[in-house]
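Colleague: Based on the sequences and whatever the hints tell you, model everything.
One-letter residues, chain by chain:
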Amino acid sequence: MKKALIALAVLGLTGGAAVAQSSVTLFGVIDADMKYVKTGDLKLKKLDSSGLSTSRFGVKGVEDLGGGLKAGFWLESEVATDTGAGGSTVNGSNAFWGRRSTVSLMGEFGEIRLGRYKTATRLHIEDFDPYSGTGLGDVTKVIADKTALGTLSGTQSGTFTRASNMVSYETPKDLGGFYGAADVAAGEGDGSNKMQDIRLGYKEGPVHVSAAFSSNGTGTKYKVSSIAGSYDFSGIKPALMYTTTEAGDAKIKAVTAALTWSLGQGQLQTSFTNSSANTAAQAIVGGDAKLFAIGYIYSLSKRTSLYTTFAQIDNKDGAKYTLGGAPAATAGGQKSSGFDVGIRHSF
Amino acid sequence: MKKALIALAVLGLTGGAAVAQSSVTLFGVIDADMKYVKTGDLKLKKLDSSGLSTSRFGVKGVEDLGGGLKAGFWLESEVATDTGAGGSTVNGSNAFWGRRSTVSLMGEFGEIRLGRYKTATRLHIEDFDPYSGTGLGDVTKVIADKTALGTLSGTQSGTFTRASNMVSYETPKDLGGFYGAADVAAGEGDGSNKMQDIRLGYKEGPVHVSAAFSSNGTGTKYKVSSIAGSYDFSGIKPALMYTTTEAGDAKIKAVTAALTWSLGQGQLQTSFTNSSANTAAQAIVGGDAKLFAIGYIYSLSKRTSLYTTFAQIDNKDGAKYTLGGAPAATAGGQKSSGFDVGIRHSF
Amino acid sequence: MKKALIALAVLGLTGGAAVAQSSVTLFGVIDADMKYVKTGDLKLKKLDSSGLSTSRFGVKGVEDLGGGLKAGFWLESEVATDTGAGGSTVNGSNAFWGRRSTVSLMGEFGEIRLGRYKTATRLHIEDFDPYSGTGLGDVTKVIADKTALGTLSGTQSGTFTRASNMVSYETPKDLGGFYGAADVAAGEGDGSNKMQDIRLGYKEGPVHVSAAFSSNGTGTKYKVSSIAGSYDFSGIKPALMYTTTEAGDAKIKAVTAALTWSLGQGQLQTSFTNSSANTAAQAIVGGDAKLFAIGYIYSLSKRTSLYTTFAQIDNKDGAKYTLGGAPAATAGGQKSSGFDVGIRHSF
Chain A
1 MKKALIALAV LGLTGGAAVA QSSVTLFGVI DADMKYVKTG DLKLKKLDSS
51 GLSTSRFGVK GVEDLGGGLK AGFWLESEVA TDTGAGGSTV NGSNAFWGRR
101 STVSLMGEFG EIRLGRYKTA TRLHIEDFDP YSGTGLGDVT KVIADKTALG
151 TLSGTQSGTF TRASNMVSYE TPKDLGGFYG AADVAAGEGD GSNKMQDIRL
201 GYKEGPVHVS AAFSSNGTGT KYKVSSIAGS YDFSGIKPAL MYTTTEAGDA
251 KIKAVTAALT WSLGQGQLQT SFTNSSANTA AQAIVGGDAK LFAIGYIYSL
301 SKRTSLYTTF AQIDNKDGAK YTLGGAPAAT AGGQKSSGFD VGIRHSF
Chain B
1 MKKALIALAV LGLTGGAAVA QSSVTLFGVI DADMKYVKTG DLKLKKLDSS
51 GLSTSRFGVK GVEDLGGGLK AGFWLESEVA TDTGAGGSTV NGSNAFWGRR
101 STVSLMGEFG EIRLGRYKTA TRLHIEDFDP YSGTGLGDVT KVIADKTALG
151 TLSGTQSGTF TRASNMVSYE TPKDLGGFYG AADVAAGEGD GSNKMQDIRL
201 GYKEGPVHVS AAFSSNGTGT KYKVSSIAGS YDFSGIKPAL MYTTTEAGDA
251 KIKAVTAALT WSLGQGQLQT SFTNSSANTA AQAIVGGDAK LFAIGYIYSL
301 SKRTSLYTTF AQIDNKDGAK YTLGGAPAAT AGGQKSSGFD VGIRHSF
Chain C
1 MKKALIALAV LGLTGGAAVA QSSVTLFGVI DADMKYVKTG DLKLKKLDSS
51 GLSTSRFGVK GVEDLGGGLK AGFWLESEVA TDTGAGGSTV NGSNAFWGRR
101 STVSLMGEFG EIRLGRYKTA TRLHIEDFDP YSGTGLGDVT KVIADKTALG
151 TLSGTQSGTF TRASNMVSYE TPKDLGGFYG AADVAAGEGD GSNKMQDIRL
201 GYKEGPVHVS AAFSSNGTGT KYKVSSIAGS YDFSGIKPAL MYTTTEAGDA
251 KIKAVTAALT WSLGQGQLQT SFTNSSANTA AQAIVGGDAK LFAIGYIYSL
301 SKRTSLYTTF AQIDNKDGAK YTLGGAPAAT AGGQKSSGFD VGIRHSF
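Protein chains in written order, with this note's numbering: chain A, 1 to 347; chain B, 1 to 347; chain C, 1 to 347.
Some clues are possibly wrong.
You can't tell identical chains apart in this list, so a pair holds if it fits in one copy or across any two.
As a list, the in silico SDA-like pairs of lysine to any residue whose alpha-carbon atoms are at most 20 Å apart [said to hold, decoys possible]:
#: 1; residue 1: Lys45; residue 2: Gln196
#: 2; residue 1: Lys46; residue 2: Thr218
#: 3; residue 1: Lys38; residue 2: Asp190
#: 4; residue 1: Lys43; residue 2: Gly191
#: 5; residue 1: Lys70; residue 2: Gly266
#: 6; residue 1: Lys43; residue 2: Ser337
#: 7; residue 1: Lys46; residue 2: Tyr169
#: 8; residue 1: Lys46; residue 2: Lys118
#: 9; residue 1: Lys203; residue 2: Trp261
Derived from the structure by calculation, the hints contain no laboratory data. Keep in mind that this is a model prediction, so the values were computed, not measured.
Modeller: This is how it looks when you write it as structure tokens:
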């Protein structure tokens with residue numbers, strides 16, 4: 001079956017003939033939801049994109065070079081299902097393949113990857129957030145507040161999620177459950193583009209633990225540290241994550257407790273995050289906040305799901321955190337809440 | 001044969017395996033023509049795109065979920081063959097998938113579709129215009145004058161052809177020839193993005209009748225109503241369409257008589273439209289106009305055609321309507337005419 | 001094998017069924033390099049895209065119409081592997097398919113092609129430059145100095161490499177080694193978009209000779225003339241090219257000597273170009289320059305290569321030529337040099 005699936009035509013610049021094991025795959029996700037969001041008194045009903053997973057269109061491939069060596073590429077572009085917009089904004093311009101544009105060499109030594117992609121630290125957080133940092137439940141909205149602390153240190157948080165000009169390394173898959181990854185992004189004459197991060201983890205059977213550290217920019221750097229663990233009790237998987245975000249003296253500590261539960265033909269998922277800012281950070285973000293999210297994903301098939309989510313951010317004091325897609329807060333201490341029902345279709 | 005054609009690789013986010021009946025299809029149209037256009041004394045020779053059908057690139061797919069239920073997606077992007085530009089301008093920005101970005105759930109109940117696409121009213125007009133609202137023969141140039149009446153009501157005609165944030169419904173195919181469709185587009189904080197429309201029709205054997213009504217924007221709404229019918233006399237198909245465009249007191253009435261004739265290895269097609277504005281509309285669009293278009297499409301294969309078109313708009317009084325691609329009128333009452341020869345290739 | 005490769009789905013607008021010999025192919029190149037460049041005292045380390053070949057993503061297809069006639073299309077988009085940006089800048093805007101968007105009709109008469117693509121003159125130069133006008137070794141940096149002489153004549157050099165609105169002709173392949181090509185691009189109301197060029201050549205066995213002439217713009221035209229030849233001594237292929245670039249009285253003459261040598265599982269390639277400006281051109285570009293480039297491409301497979309390049313431009317007097325990707329010169333007479341190691345993967 002899988003072999004039948006990899007029949008996509010392969011004809012390179014160099015007149016390349018395809019090796020039998022090689023493949024090029026067209027893939028994507030189209031996700032749309034009907035959303036009701038509210039911050040303070042501001043309410044909004046909308047048809048939105050990417051309620052559960054970011055809508056995307058991509059092309060990827062792997063070539064078997066023989067001797068255990070493989071070459072691969074991956075191009076991935078965000079799709080706004082609601083408006084038809086394609087690509088992502090990177091440094092103020094549209095980058096069509098802004099989600100990922102990489103070429104890799106893989107072997108017994110692991111993987112060396114060149115290009116633009118998510119950082120290892122972001123991938124760490126997504127592994128322990130049931131919402132993978134997407135939609136109403138996105139934990140990064142109160143964890144690594146790019147808007148707030150990022151503003152303090154200029155544009156230097158811009159490389160936390162994804163970075164351009166990266167040279168990345170991932171360990172091979174067969175280290176008895178242990179794995180690691182590291183990224184270095186060149187500034188290329190602009191220090192705010194600089195990023196280094198590292199991730200180490202262990203995933204074997206029901207156990208998964210991971211730690212990551214990311215340093216972004218130059219001068220007053222934007223730093224994110226996170227450690228997390230989860231245990232899968234035959235379909236009921238609790239997770240705990242502790243993350244700090246720093247810029248100079250300002251520091252935000254966040255604890256996330258999450259649960260995913262395979263229930264019927266779907267999955268129940270919930271998370272609770274408590275984000276607390278130290279005095280220096282209070283001066284910037286205004287206060288502490290709590291995020292609660294719960295939702296159910298009903299699988300119509302492996303590729304297609306219906307889902308619903310409810311989430312709320314409870315801002316303390318002057319804090320102005322808002323859910324993804326919710327109106328901006330007009331004053332500190334407001335609640336930001338949202339509810340959606342949607343469909344996610346993968347291809 | 002068809003089964004062999006749907007071998008495109010399918011590997012989703014969720015590690016989805018492809019069901020045998022499922023498919024992902026890469027498709028498109030590349031259409032280019034050599035065009036001579038003239039408005040008043042201004043003449044222009046050019047190599048243009050989309051003379052007969054809009055050049056496009058797309059990816060679409062359907063997944064059989066079992067029990068009569070299907071999920072589907074559709075991404076479609078305009079291509080300017082002459083310049084290489086991709087995508088459409090939506091609300092001032094480029095939307096790569098601006099022609100269509102939708103996800104659907106289909107079953108015995110019909111189809112529910114979320115995302116950006118053509119409105120049911122636009123699809124109604126395209127069904128009875130031999131030129132499908134494209135190229136030199138495009139009847140919408142004098143029917144639903146977006147520039148003129150649209151200007152009156154601000155940007156509120158922007159949702160007439162296509163709308164973002166749509167929730168759409170289409171009836172199932174097996175209602176004995178009857179069909180219906182309805183769209184609702186959310187304003188999402190901007191009333192000019194609001195749109196509702198409905199279409200009802202009957203198509204069985206040689207008979208096709210359809211009516212549609214569209215309301216766009218808020219305040220002084222931009223409204224289009226259209227009723228049309230055609231009858232296929234074994235390859236000779238006359239059609240009649242009556243369309244009104246309104247914004248406040250201003251109203252434009254247009255009658256279109258069209259004929260398509262399967263002639264030899266191709267099709268002869270012609271249309272005549274008489275557009276008349278009431279006094280309030282005269283003050284905006286300047287006057288009445290007549291559009292005449294005739295052309296022949298010669299099929300080299302099912303996928304590839306050569307074509308030629310001649311069209312002319314005869315403006316009365318101060319009217320400044322121009323053909324698609326023709327220079328803007330420098331004064332009212334000028335003729336706008338054009339001739340092209342081109343090639344359309346579908347894949 | 002090849003037949004198995006062309007299984008990509010084909011479903012056109014017109015409901016087209018695929019003929020057995022027809023095909024649609026998804027193809028591309030992802031090329032990334034780690035680069036060290038220096039102009040005068042300015043140094044830069046970076047992860048770059050397109051070190052050896054321009055990274056790209058494309059879709060193309062050919063349909064057999066029977067009777068020796070074929071229709072084809074080609075869409076090709078540049079990819080910036082380092083940042084994820086897609087498309088090219090054409091006349092100040094992003095054109096996603098800016099590398100190529102064409103539709104063709106092919107038969108015994110040759111090929112007629114409509115749309116945007118490389119000019120025949122550019123293709124001539126790429127055939128004799130071991131670096132195909134790409135990356136650190138790109139000979140056009142000192143040959144047809146678009147920046148310098150192009151500035152003299154306004155934007156009129158913009159059509160030298162690629163042109164929009166082109167009608168192109170290529171002779172059939174079976175003329176006993178002789179071939180020819182000609183392009184005409186319409187100005188469409190803007191004289192700076194006008195271009196005509198012609199190329200004639202002979203390629204049979206080890207011998208390849210070719211000449212091309214290009215005229216761009218209106219008024220003071222930007223003209224490029226080039227003649228070149230190469231001979232393949234069983235894998236060792238020397239080439240010579242003589243190119244002149246003119247705008248009014250200003251004229252730059254450039255002689256390129258190049259060598260490509262199939263060495264082991266790869267290819268050694270080197271080129272030397274001497275560019276000399278006449279008095280009128282000196283006043284614009286500042287002086288003469290020499291470009292030297294050498295590199296080795298190691299093939300891991302037909303589709304994947306590792307490569308390294310060293311190149312240097314030696315500017316005389318006030319000349320400010322720089323290598324592709326190197327910092328702009330701050331003064332005349334500086335050296336611009338660069339070194340890279342990279343990977344190119346085709347699909």
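Colleague: State for each hint whether it applies.
Modeller: Here is what the structure says about each hint:
1. Lys45 <-> Gln196: So Lys45 and Gln196 pass the 20 Å test across copies only (16 Å; inside, 40 Å).
2. Lys46 <-> Thr218: Between copies only: 16 Å across, 39 Å inside.
3. Lys38 <-> Asp190: between (38 Å within a copy, 16 Å between copies)
4. Lys43 <-> Gly191: Between copies only: 15 Å across chains, 40 Å inside a chain, cut-off 20 Å.
5. Lys70 <-> Gly266: between (36 Å within a copy, 18 Å between copies)
6. Lys43 <-> Ser337: within (10 Å within a copy, 50 Å between copies)
7. Lys46 <-> Tyr169: Classified as between: cross-chain Cα gap 17 Å, same-chain 41 Å, threshold 20 Å.
8. Lys46 <-> Lys118: Only across copies: Lys46 and Lys118 sit 19 Å apart there, 28 Å inside one copy, limit 20 Å.
9. Lys203 <-> Trp261: This pair counts as within: shortest intra-copy Cα distance 19 Å, inter-copy 49 Å.
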